[in-house]
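2 protein chains.
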Amino acid sequence: MRPTSEELAVWRLLHRAQVQIAGRLEDDLMKAHDLPLASYEVLLRLSEAPGLRLRMNDLAHRVLLSRSGLTRLVDRLQREGLVSREACESDARGLYAVLTAQGKARVEEATPVYLRGIRRHFLDLLDPDDVGRCREMLAKLGVV
Amino acid sequence: MRPTSEELAVWRLLHRAQVQIAGRLEDDLMKAHDLPLASYEVLLRLSEAPGLRLRMNDLAHRVLLSRSGLTRLVDRLQREGLVSREACESDARGLYAVLTAQGKARVEEATPVYLRGIRRHFLDLLDPDDVGRCREMLAKLGVV
Numbered sequence: 001m002r003p004t005s006e007e008l009a010v011w012r013l014l015h016r017a018q019v020q021i022a023g024r025l026e027d028d029l030m031k032a033h034d035l036p037l038a039s040y041e042v043l044l045r046l047s048e049a050p051g052l053r054l055r056m057n058d059l060a061h062r063v064l065l066s067r068s069g070l071t072r073l074v075d076r077l078q079r080e081g082l083v084s085r086e087a088c089e090s091d092a093r094g095l096y097a098v099l100t101a102q103g104k105a106r107v108e109e110a111t112p113v114y115l116r117g118i119r120r121h122f123l124d125l126l127d128p129d130d131v132g133r134c135r136e137m138l139a140k141l142g143v144v
Numbered sequence: 001m002r003p004t005s006e007e008l009a010v011w012r013l014l015h016r017a018q019v020q021i022a023g024r025l026e027d028d029l030m031k032a033h034d035l036p037l038a039s040y041e042v043l044l045r046l047s048e049a050p051g052l053r054l055r056m057n058d059l060a061h062r063v064l065l066s067r068s069g070l071t072r073l074v075d076r077l078q079r080e081g082l083v084s085r086e087a088c089e090s091d092a093r094g095l096y097a098v099l100t101a102q103g104k105a106r107v108e109e110a111t112p113v114y115l116r117g118i119r120r121h122f123l124d125l126l127d128p129d130d131v132g133r134c135r136e137m138l139a140k141l142g143v144v
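Which chain is which? The protein sequence lines are A and B, in order. Residue 28 in the UniProt record's numbering sits at position 28 of the first sequence, with consecutive numbering throughout. Residue 106 in the UniProt record's numbering sits at position 106 of the second sequence, with consecutive numbering throughout.
Next up, chain A with everything else stripped away, as it sits in the complex:
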């Protein structure tokens, strides 16, 4: 059955919501720390990983970038001294991105701004029950 205009609108608004919130998070991070959101997300994912390192493929999957997009971004972060690359001992084709001490300091410094942004631009706008309800819907969509 063809989606109704109401149903189509919900998909468009979902897309718009994601872009709008991400844009506001990026504005906050740029203003306070001159750090683009995608860079912050790469540093954050590395900071959460055991040994502060992830294979490039895993990292691309977590930050929702294409492998080529991530390669360009990691090049830039490497030039800034925030990330280094290391070969994977167990897999000749594998390559790790590793968070440097400087990268760790940078993500720790920026995290309060990021968390405050998620509170202000997303959570504070919803009612208390909405977060759980939203989570349930996302689970139905098979997003994990």
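The set of hints was computed from the structure by calculation and includes no laboratory data. All C-beta atoms in this analysis are idealised placements derived from N, C-alpha and C, irrespective of residue type, glycine included. Watch out, some of these pointers could steer you wrong.
[As the list claims (entries may be wrong)] The calculated lysine-lysine pairs, modelled on DSBU-like cross-linking and capped at a C-alpha distance of 30 angstroms, are:
#, chain 1, residue 1, chain 2, residue 2
1, B, Lys104, A, Lys140
2, A, Lys104, B, Lys31
3, A, Lys31, B, Lys140
4, A, Lys31, A, Lys104
[Unchecked claim] Coverage of chain B stretches by chain A, computed from C-beta distances (three or more under 8 angstroms per stretch; other residues unrestricted):
#, segment
5, 4–17
6, 20–31
7, 111–120
8, 123–130
Keeping the supplied structure of chain A fixed, place chain B upon it in accordance with the hints.
Only chain B this time, still in chain A's reference frame:
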């Protein structure tokens, strides 16, 4: 107050849901019509506009692309004969993107695949009440 890990997870899942659904729509459109999702969305927005035309700035806003990203995409669509550019009579700096007859045929041909994709990859996975509930939440986020 610092977001809980549950609250942070909902933001991450929302982002992931949007990217996942868009990726599936793109797969469908590429397979059936060799048409990337962003191209389809540009053609669709033009097909919905009065006179089949929109100012480049309005179009960028509707398809959630940066002005430079849209310029590159419209260059490509123009080379393929799907879109043309026209100067804006009332505004010397303005530029319209205009859907060509070939572009109109292309978007009409691809639309059933797009609509079926939104049904299959999004609406069918939700319960009947979820669409309205999702819409309410998106309205609270100020997305219109």
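Against the structure, the hints come out as follows:
1. Of the supplied pair hints, the one linking B/Lys104 and A/Lys140 is violated, its CA atoms being roughly 35 angstroms apart against a limit of 30 angstroms.
2. Simply put, A/Lys104 and B/Lys31 have alpha-carbon atoms about 42 angstroms apart, too far for the 30 angstroms limit, and the pair is violated.
3. Distance hint between A/Lys31 and B/Lys140 is fulfilled; the C-alpha atoms sit about 26 angstroms from each other, no more than 30 angstroms.
4. Distance restraint check for A/Lys31 and A/Lys104: the Cα-Cα separation of roughly 19 angstroms lies within the 30 angstroms cut-off, and the hinted pair is therefore satisfied.
5. Given a C-beta distance limit of less than 8 angstroms, the hint that chain A covers the segment 4–17 of chain B holds, as 11 residues qualify and 3 suffice.
6. For the segment 20–31 of chain B, the assignment as covered by chain A holds, since 3 residues bring a beta-carbon within under 8 angstroms of that chain's beta-carbons and 3 suffice.
7. Counting residues of the segment 111–120 of chain B whose CB lies closer than 8 angstroms to any CB of chain A gives 3, which reaches the minimum of 3, so the coverage claim holds.
8. Against chain A, the segment 123–130 of chain B contributes 5 residues with a C-beta closer than 8 angstroms to a partner C-beta. That satisfies the three-residue criterion, and the hint holds.
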